[in-house]
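Spelled out from the first residue to the last, the chains are:
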Amino acid sequence: MRPFDYHRSENAGDAVKAAAGDGALFIAGGTNLLDLMKLDLMTPSRLVDINRIGLNDVTQTEEGGLSIGALVTNSDCAADARIRKDYEVLSRAILAGASGQLRNKATTGGNLCQRTRCYYFYDPDMACNKRKPGSGCSAIGGANRIHAILGASDECIATYPGDMAVAMSALDAEVVIEGEGGETRTIPVRDFHRLPGDRPDQDNILEPGELITHVTLPAPAKGRHIYRKVRDRASYAFALVSVAAIVEMDAGRIASASLAFGGLAHKPWHDPAIEDLLTGEAPSEALFDKAADILLADAKGQGQNDFKIPLARRTLKAVLREATGERS
Amino acid sequence: MTRHLKMDEPATNRLLDKLPSRLTGAPMDRPDGPLKVSGTATYAHEWQLDGKVFGVLARAPVSKGKLVRIDKSAIENLPGVLGVFSEERFLRNPAQGMANEAPEQGVSEISYFGQPIALVVAETFEQARHGAHRLELVCEAASDGVFDPEANNIAPEKPEDDQLDQGDLDKAMAEAAYTVDSTYRTPSHNSAAMEPHCAIASWEGDQLTLYASYQMIKFNVNELADSVGIEPEKVRIVSPYVGGGFGSKLGIAPEAVSAAIAAKELGRPVCVTLTRQQVFENVMRRSESRQRLRLAADKDGKLTGLGHECRVSNLPGESFHEPVLQATHFIYGGDNRRLGMEVARLNRMCAGSVRAPGEAIGMQVLENAMDELAHTSGIDPVELRKRNIPDAHPEEGTPYSSRPFAEALDEGAKRFGWNKRNPKPGQQREGEWLIGMGMAAAARVNILMESKARVILKEDGKAIVETDMTDIGTGTYAILTQVCADMLGLEPENIETRLGDSNFPKASGSGGSFGAASSGSSVYLACLDIRAELARRLGCEESELQLDSGQARGGSKSGSLTGLLAGEAIEAEGHIEPGETKEKVKQATYGSYFAEVAVNAVTGETRVRRMLGVFGAGRILNRKTATSQCYGGMTWGIGMALHEAMEFDMRDGHVVNNDLAEYHIPVNLDVPQLDVVLLEERDDWASPIQAKGLGELGLCGAGAAITNAIFNATGVRVYDYPATLDKILDGLPELDMV
Chain A
13 MRPFDYHRSE
23 NAGDAVKAAA
33 GDGALFIAGG
43 TNLLDLMKLD
53 LMTPSRLVDI
63 NRIGLNDVTQ
73 TEEGGLSIGA
83 LVTNSDCAAD
93 ARIRKDYEVL
103 SRAILAGASG
113 QLRNKATTGG
123 NLCQRTRCYY
133 FYDPDMACNK
143 RKPGSGCSAI
153 GGANRIHAIL
163 GASDECIATY
173 PGDMAVAMSA
183 LDAEVVIEGE
193 GGETRTIPVR
203 DFHRLPGDRP
213 DQDNILEPGE
223 LITHVTLPAP
233 AKGRHIYRKV
243 RDRASYAFAL
253 VSVAAIVEMD
263 AGRIASASLA
273 FGGLAHKPWH
283 DPAIEDLLTG
293 EAPSEALFDK
303 AADILLADAK
313 GQGQNDFKIP
323 LARRTLKAVL
333 REATGERS
Chain B
645 MTRHLKMDEP
655 ATNRLLDKLP
665 SRLTGAPMDR
675 PDGPLKVSGT
685 ATYAHEWQLD
695 GKVFGVLARA
705 PVSKGKLVRI
715 DKSAIENLPG
725 VLGVFSEERF
735 LRNPAQGMAN
745 EAPEQGVSEI
755 SYFGQPIALV
765 VAETFEQARH
775 GAHRLELVCE
785 AASDGVFDPE
795 ANNIAPEKPE
805 DDQLDQGDLD
815 KAMAEAAYTV
825 DSTYRTPSHN
835 SAAMEPHCAI
845 ASWEGDQLTL
855 YASYQMIKFN
865 VNELADSVGI
875 EPEKVRIVSP
885 YVGGGFGSKL
895 GIAPEAVSAA
905 IAAKELGRPV
915 CVTLTRQQVF
925 ENVMRRSESR
935 QRLRLAADKD
945 GKLTGLGHEC
955 RVSNLPGESF
965 HEPVLQATHF
975 IYGGDNRRLG
985 MEVARLNRMC
995 AGSVRAPGEA
1005 IGMQVLENAM
1015 DELAHTSGID
1025 PVELRKRNIP
1035 DAHPEEGTPY
1045 SSRPFAEALD
1055 EGAKRFGWNK
1065 RNPKPGQQRE
1075 GEWLIGMGMA
1085 AAARVNILME
1095 SKARVILKED
1105 GKAIVETDMT
1115 DIGTGTYAIL
1125 TQVCADMLGL
1135 EPENIETRLG
1145 DSNFPKASGS
1155 GGSFGAASSG
1165 SSVYLACLDI
1175 RAELARRLGC
1185 EESELQLDSG
1195 QARGGSKSGS
1205 LTGLLAGEAI
1215 EAEGHIEPGE
1225 TKEKVKQATY
1235 GSYFAEVAVN
1245 AVTGETRVRR
1255 MLGVFGAGRI
1265 LNRKTATSQC
1275 YGGMTWGIGM
1285 ALHEAMEFDM
1295 RDGHVVNNDL
1305 AEYHIPVNLD
1315 VPQLDVVLLE
1325 ERDDWASPIQ
1335 AKGLGELGLC
1345 GAGAAITNAI
1355 FNATGVRVYD
1365 YPATLDKILD
1375 GLPELDMV
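Taken in order, these protein sequences are the chains called A and B.
For the first sequence, this note's numbering gives the first residue as 13, with consecutive numbering after it.
For the second sequence, this note's numbering gives the first residue as 645, with consecutive numbering after it.
Mixed in with the good hints, there may be bad ones.
[Stated by the list, open to error] Ranges of calculated distance between the beta carbons of each label pair, as one might list FRET restraints:
no.: 1; chain 1: B; residue 1: Gly-683; chain 2: A; residue 2: Ser-111; range: 15 to 25 Å
no.: 2; chain 1: A; residue 1: Ala-139; chain 2: B; residue 2: Lys-878; range: 38 to 48 Å
no.: 3; chain 1: A; residue 1: Asp-47; chain 2: B; residue 2: Pro-1316; range: 40 to 50 Å
no.: 4; chain 1: A; residue 1: Ala-139; chain 2: B; residue 2: Val-712; range: 39 to 49 Å
no.: 5; chain 1: A; residue 1: Lys-234; chain 2: B; residue 2: Gly-683; range: 48 to 58 Å
Since the hints were derived computationally from the structure, they do not count as laboratory data.
Here a beta-carbon is modelled for each residue, glycine too, at the ideal position from N, C-alpha and C.
Given only the sequences and the hints, what does the whole structure look like? Please build it.
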C-alpha cells in the first residue's frame, strides 16, 4: 500500500472540494478499494472519507419512488421494508451478492463503483488496459472463463461483477451525482457504467472528484420481481450469468417487461429490444427463444467462457417462464 | 526412564480398554478451545518480540529464466525500509514433508512465476509490502518454459518405484464380460489453510529461535539449520498452534529462511508472513492429474484386471510425485494389473503434499470408474465393491490387519436408505431439479511413525505431557491429555499438555494422518513406564495396578498417588517406532460415502443435499475431534467434486485465481448437514493403542460419491474435475423439456 493522505469530510460539499485534483478517491465501506490498494492496483494519493457526510437514509420522492442515499449499506438497503415490498428484485439482488459481513460495510454508492474481478486486473505484473492503459489485455487468450460475451472490445473483455446495479438497471433507476462546485447531474443507471471500447480504464461516467449522492428509484413497477444468479458455488461467488426481471402479466399476455443481465458484459446489460419483443405477447417457448436470440445475437465467446452463451439462453428462458407464471 | 516399543508384533493387550477411566475415545472438548475462540492462543504472527520488524517477499515476474540484478533505487529512501535481502540461501520452494534437509535453494535461477526472489524488511508490514511492490527485479526470461502438463513434446519421467505390471491386463480386457476404459482429469489444489504461512526469526548470538507455523518440528529444525548453514543444535522452533496445515506446512519454507537471514543481518526479530496471493503462488500445490482407469470384470462383476495409469507433474528436480496409486494397490482384487506413474516437469510452483496426497484424487477417480462398471454391469455399486474385496493383498499376498470395509459399505447403505435409489439415471425430478444418489468407497494407507513424548507426574499428583508434536487443528492437545488421563487415572484438568517446541522430545509431527496414533502411542508408553514405577513403589505387579482419581491400588495394596510420589516427581519418556507389523500385514483404513445431490436442469448447478460417511480407523481417540476431521474431509470432497481448481495461465504457468474470492472452496451453503459414523474397531497390528490414522480418510473418495450422484441424477459423467456447471450443461435435457 502506498502512503496516502487522509481527509474525513462531514458533508458532501466538503467532500467534493476535498476530492478535487488528481489522485483523490472517496472511501466509504472500502470493501473493494482497500483490497485493491493493498495489492498496489489502485494507488490514490488522497482518500476522502465520506462515511460521516450523512446520505444514509432511504426517503420517499415526490414522484412516488425512493431515494437511496449513497451511504446506505447494502444490508440496510436490502432490509428496507419499502424496498422489500415494492422493489423486491433489488433486495434479492443485493442479498445474492457477497457475504453478510461485506454487505454490512458496502454502500450503495461504493457498490456501483465496484471494479471488475478479472484475474489479470488483479495482478500488477500482468498486462491490463484497465489498470494500465496501453499495456494490453492478458485475458484475451488467457484464463477467461469468467469474462464477457457481450460488448467487449479488443482492449478489454472484463465484466462488471456486481448484482445490485443489475437490479437497478431493470428498475431503470437514476444516479444523482454532485460535482466539485456543488452542481448535480442525474444519469440513468443504465448509462452509468460504460462499455470498455478503447478506454477500459473508465468503468463508468464519473469524472474525477464527482460524488454519487443518491440512487433514485422510480415509482414501483408492477409485476413479478425475479433475480436469478447462476454461479460456481451456492454463495459468495460472482455471477456467471444473472438475470433481473420485472414482468407484469395481463389477461395471459405480457403487459410489461423489464430485464437486465449481469456477468455478461462490462456493464449491467440492458437491451430494450427484448422488452419490446415481449410486451403485448402471450408467453411461449418460441417467444422466449426469440428474446434469447436478441440478447445473444452479438454474443462472442473467448474460449473458456463460451458456455455462458447457452447458459444465458437457458437462464433467461427459465426466468421468463417463472415470471410469466408458466412453470415446469 | 524410557519405555521403547518397536512395533514388531501385534499389541493384543488392549490396556486402554481395561482401565477404570475411559476418557480415551470420549468426545472431550479441546483444552485449547477456549484459548482459540478468545484469541489468546498465540499463533505464529502474534508473538510480541521487542524490536520486531516485518519482511515481505518479492516475486519473480517471469516463469523461467535468470535474475540479472535487483534495482533497489526506488525503495532505498522509502520510509521505514530497513533492507533488501536476496541470496543463494533463499529457498526456491518449501521442503517436501520429512525432507530433513534444505530444499532447492537460490534466487539466480528462476523456475516458476512468483518464485520468491528478495525480502524487503521495514518497520511495519505496510511499509515492507510497499517496498516489495516498488522493488525492481530485472530478469532475463528463458523461452523454453514448460507449462502444459500434457505437452507431448517433452518426455515425462517414469519413476521406477511406482510401476507395476502383473499378469496381462490387455488380455483380461479383451476377454472380460464388462470393461471400463476411461480417462479422468483432476486439477491442482491449494491447501488454503486459514492461517497464512508465517515465521518470526530471532537470534541471540548464534542461537536462532523461529516462531512459526509448522507441522513437523524435528524435521523442520534440520531443514532450517541446513538452509541457513548452522548446526541443528543452534535452532529452536516454537509452533504451539497451527491454523490449519493440510500438508502445506510440512517442510521449512521460504518465509522462515529469509526471515532468519534478515534477522541475523539486522540484529532484530524479523516476521515474514505470506499474503493470501503468495500462499497460492509459493506454497505446495497438489499436482493436477490425468488418470486412465481400466477395469475388466467377469459376468459377476468380479475384477479380472485393473489398470490405473496416471500423469502428474512437478518442478524440475523435485523427488515428490503425487502418490495417486497408493490405495489402488490394495483395495480391490484382480489378477492382471497395470499401475503406472508419469511425472511431467513443469514451470509451475512446487507440487507436494496436500491433504491425503494420493488417495484424495486416486480414490476419487478409481471410485468413479467402479461406478461406471456398476452401471455397465447392472450390479449395485455397493454389492460390486463387496464382491471385489480381496482375501489377501492382490500384489504382495500379505494378509490384511483389521479391515471393516464391507461393514462400512453395509452400514452406510442401510443408514442412507440406498435401497431407494433408482439405478437408472435421470429418473427423479423435483421441479427444476434432477435428484440422484451416489456412493463411493474410502481407503487410505495407514502409517505409524517414530515418535517420542515425555510425561512428568509431578509431586502434587498432576501431570505434564511434553512432545514437539503439533496440533494443526486436529485435536492433539485433547487426545494426548485423554490417553495420559486414562493411563495415570487423572482428571484431564490436572494434565497440562505442551506441544510444538523443539526443546521437547521429538515426535512424528502432523502428516499422513499418522500424528494421533504415533504421538498417542508415545504418551501411552511413557505412562506405562510411570505405571511400572508406581507399581514398584506400591509393591504390586504392574498388571495389577489400578489408578483412579488420584488413588493407586494393586493386589492387596493401596495408597494415594501423592503418597507414593513422596515429594518426588516421576518422569518418563515414551518412544514408539514402526516395526515388522508394517510388513507382516497390510494396514489401511476404510470407509464409505453416500451422497444425494440435486442438479439444476436449467443451469447445471449442483447442490449436495445430504452426505454420509462411515469410517473405520482403529480405536477412535476422541469422537468429537475425529468426527470433525471427517466433516472436514467430506467438505474437501464437496470442494474437490464441485468447486476447487487452481486455474493456470497456460502461457506462463502462473496461477490466476490466487485469492479466496476466486479459488472456490465450499461455503456454508454448499455443505449440508454431514453425517459421520465411526465404526468401533481395534487394530492390534497398527499401534499399541490400537489406533490408526483417521484425518485424511474423510476425503479419500468423497468427491466420487458426489459425481457418481450427479451421474445418477442426470446421466452426465464428468471426466474433468471439478464438476462445475459448464461441464454438465451440454448433457442436460433440452430446455423445452425442463
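Practice item. Compare the structure with the hints numbered earlier in the document and write down the numbers of the violated ones, lowest to highest. Key: Hints 3 and 4 not satisfied by this model.
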